[in-house]
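Asks: Sequence:
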Amino acid sequence: MTAIRGIKQEIGHLKNSMENPHGDIKTVMHPSEDTRLHWAREYLDKAKQTYVEAGGTYTLSKSEQKTADFDTNINAICKITFNIGGYFGSYSTYIVELS
Numbered sequence: 000m001t002a003i004r005g006i007k008q009e010i011g012h013l014k015n016s017m018e019n020p021h022g023d024i025k026t027v028m029h030p031s032e033d034t035r036l037h038w039a040r041e042y043l044d045k046a047k048q049t050y051v052e053a054g055g056t057y058t059l060s061k062s063e064q065k066t067a068d069f070d071t072n073i074n075a076i077c078k079i080t081f082n083i084g085g086y087f088g089s090y091s092t093y094i095v096e097l098s
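Numbering that gives the first Met the number 0 numbers the first residue of the sequence shown as 0 and each following residue consecutively.
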């Protein structure tokens, strides 16, 4: 479980680094953050699988459970509404209907 927690922390660190709005200056690194994130997710899946094969019982975290629920129900989404604006005046509403 320690290895799984470490991989999750690495994924969180990489996501925060990549999504930082003030991260205009990027350090060039090889492999890239995208590549590291991809393989960290692969390692996490393998670590979970190995843990279960070794006899452990892996329970999903809250965020993993929410993700699994969303993935299960994504086909039920039929309409998305965007409200853009509203800071200095009115806002526009855009509706996307999926069929």
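Heads up, a few of these hints could be off.
Here are the simulated lysine-lysine pairs, DSS-like style, with alpha carbons at most 27 Å apart [stated by the list, open to error]: (1) K7 with K78; (2) K14 with K25; (3) K25 with K7; (4) K65 with K78; (5) K45 with K78; (6) K78 with K61; (7) K45 with K61; (8) K14 with K45; (9) K47 with K65; (10) K65 with K7.
Keep in mind the hints are simulated off the structure, nothing from the lab.
Asks: Return the numbers of the hints above that this structure violates; sort them in rising order.
Replies: Hints 1 and 5 not satisfied by this model.
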